[in-house]
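Construct all of the structure, not just a fragment, from the sequences and the given hints.
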Amino acid sequence: MGRPLVTIEDVDMRYGGPEGLLAVEGLTLEVATGEFAAVVGPSGCGKSTLMKLVTGLYIPQKGNVTVADEPVTKPVNIVGMAFQNPTMLPWRTTLDNILLPLEVVDRHRHRLRRNKAEYVEKAEKLLETVGLKGFGQKFPWQLSGGMQQRANLCRALIHEPDLLMLDEPFGALDSFTREELWCVIRDLHAAQGVTIVLVTHDLREAVFLADRIFVMSARPGRIIKNQTVPFARPRDLEILYQSDFNDIVHELRGNIADARKAA
Amino acid sequence: MSTPSKGFDWVKAAPWLYTIGLFVIWELAVRIFGLPQYILPAPSRIAQAIWQYWPAIWKNSLQTLYTTTVGFALAVVGGLALGILVGWSRFIYAGLYPLMVGFNAIPKVAVVPILVIWFGIGTIPAILTAFLIAFFPIVVNVATGLATIEPEMEDVLRALGAKKMDIMLKVGIPRSMPYFFGSLKIAITLAFVGSVIAETVAANSGLGHMMLAAQSQFNVPLVWAGLIMLAVEGIIMYAVMAWVEMRMTGWAHRSQMANA
Chain A
1 MGRPLVTIED VDMRYGGPEG LLAVEGLTLE VATGEFAAVV GPSGCGKSTL
51 MKLVTGLYIP QKGNVTVADE PVTKPVNIVG MAFQNPTMLP WRTTLDNILL
101 PLEVVDRHRH RLRRNKAEYV EKAEKLLETV GLKGFGQKFP WQLSGGMQQR
151 ANLCRALIHE PDLLMLDEPF GALDSFTREE LWCVIRDLHA AQGVTIVLVT
201 HDLREAVFLA DRIFVMSARP GRIIKNQTVP FARPRDLEIL YQSDFNDIVH
251 ELRGNIADAR KAA
Chain R
1 MSTPSKGFDW VKAAPWLYTI GLFVIWELAV RIFGLPQYIL PAPSRIAQAI
51 WQYWPAIWKN SLQTLYTTTV GFALAVVGGL ALGILVGWSR FIYAGLYPLM
101 VGFNAIPKVA VVPILVIWFG IGTIPAILTA FLIAFFPIVV NVATGLATIE
151 PEMEDVLRAL GAKKMDIMLK VGIPRSMPYF FGSLKIAITL AFVGSVIAET
201 VAANSGLGHM MLAAQSQFNV PLVWAGLIML AVEGIIMYAV MAWVEMRMTG
251 WAHRSQMANA
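So the sequences go chain by chain: A and R.
Residue numbers for the first sequence follow our numbering, so the first one is 1 and each next one is one higher.
Residue numbers for the second sequence follow our numbering, so the first one is 1 and each next one is one higher.
By construction, these hints were calculated from the structure, which means they are not laboratory data.
If a hint is listed, it holds; no wrong ones were tucked in.
Lysine to aspartate or glutamate pairs mimicking EDC-like chemistry, simulated, CA-CA at most 16 Å apart: (1) R/Lys163 to A/Asp106; (2) R/Lys164 to A/Glu103; (3) A/Lys225 to A/Glu25; (4) R/Lys170 to R/Glu154; (5) R/Lys185 to R/Glu233; (6) R/Lys170 to A/Glu103; (7) R/Lys164 to A/Asp106; (8) R/Lys170 to A/Asp96; (9) R/Lys163 to A/Glu103.
Computed from the model, here is a short list of chain A residues facing chain R with C-beta under 8 Å: (10) Pro75; (11) Val76; (12) Asn85; (13) Trp91; (14) Leu100.
Values in this document were obtained by computation on a predicted structure and should not be read as measured data.
Glycine residues also receive a C-beta, built at the ideal position from the N, C-alpha and C atoms.
This is how it looks when you write it as structure tokens:
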């Protein structure tokens with residue numbers, strides 16, 4: 001395991017004042033550079049809170065969050081995010097949607113206009129990687145849900161983040177499209193060496209994609225299990241039907257069922 | 001648009017057919033029931049009045065159009081500015097919204113006497129009344145567009161270090177434009193209501209004033225001629241606004257069509 005990129009140490013996060021809802025309590029986890037981590041747990045266990053803590057959108061009341069050796073005290077712009085809802089802007093072409101983060105991130109926004117061609121080329125290359133070659137000039141509403149989600153991934157990656165945070169990005173897709181996108185993510189991870197944290201409800205998705213799976217308890221959330229996934233990379237969709245794959249899924253399912261009961 | 005059919009496009013012709021139909025039924029009803037013209041003049045009689053009084057009608061129509069469009073333009077500028085302000089900050093929203101609702105609930109005809117005290121009888125109270133009445137729907141719509149930015153979108157941008165200003169310029173304001181242009185159609189018709197109210201209460205010209213004068217002389221066909229002119233001006237301005245909306249925010253309509 002390499003140098004840690006994300007470290008969360010004994011973090012408490014409470015919403016709405018001292019008597020408010022305690023979302024996570026004593027949360028501790030570590031994600032190594034280049035690792036693919038997945039976070040699973042019963043619904044309402046604070047998975048989205050975890051996302052916001054790591055990206056610096058929330059600052060915890062107690063404990064430390066460190067990303068790339070820096071304590072997180074403000075939004076972390078070496079992070080790309082993608083959600084279940086692709087939130088493409090309908091008045092921009094797909095290409096311009098993908099370029100949007102560059103208009104915001106400090107180190108790019110000032111050189112965007114003069115180096116437009118270079119950035120457009122980079123976006124086109126990303127589009128090709130996710131199987132959307134030639135769709136850059138289409139508007140998002142001309143794309144299917146799966147295609148919008150692919151474009152969403154491109155937008156999350158365009159500023160070359162060190163860390164990609166995915167919050168149930170495939171939740172709204174049909175199962176065939178979902179499997180296709182699993183492979184897209186798998187290949188992006190292999191090709192770009194980016195660290196990925198995937199928050200998901202889908203245990204098979206977590207086991208197929210991740211090197212390490214964190215199981216969270218019911219609210220207030222903390223890590224109750226840290227499961228390494230032993231399968232060699234590159235993984236083929238065929239492993240979904242192997243018995244040792246299913247054993248891991250089954251065990252995780254048991255862990256989450258217990259966590260729900262404990263709540 | 002409809003069927004790729006041979007022959008006549010009934011849907012496209014429908015607005016004309018219905019309008020003509022209305023006037024035909026009106027004309028027939030007046031003739032069959034022998035209604036006196038001081039109750040309801042026939043369309044033919046109204047047309048005759050329009051012809052007869054055309055110089056006065058034309059002059060007063062232009063006056064009404066002028067006060068309406070100036071008041072409307074002020075409402076667009078003011079409404080857009082205040083809408084962005086209200087949509088920008090929850091503090092301003094919470095503070096101003098009840099005030100605006102209360103203000104909007106006041107019948108504007110009750111405000112005209114105050115305007116007359118301040119500005120005298122004439123063009124300015126009409127412009128201001130049009131402004132006051134047209135302003136509210138624009139504010140509400142722009143603020144709604146800004147307030148309904150998807151939280152995920154905001155998170156994505158904020159995590160990248162975006163300031164409130166970036167989010168407003170890149171997402172909020174473009175996003176509220178369909179709401180804004182949609183509200184213009186409502187605002188322009190309300191602006192007509194406002195200017196005519198003021199002209200009726202306190203003015204020396206304009207269609208409202210003309211109709212009031214005609215009524216006091218019992219010239220009922222001329223009153224109706226004024227109404228018809230108002231309707232015509234209203235339809236034309238509405239059509240202009242609908243066209244502007246289509247031109248400026250076609251993406252919003254196209255995306256709805258794509259989802260359908």
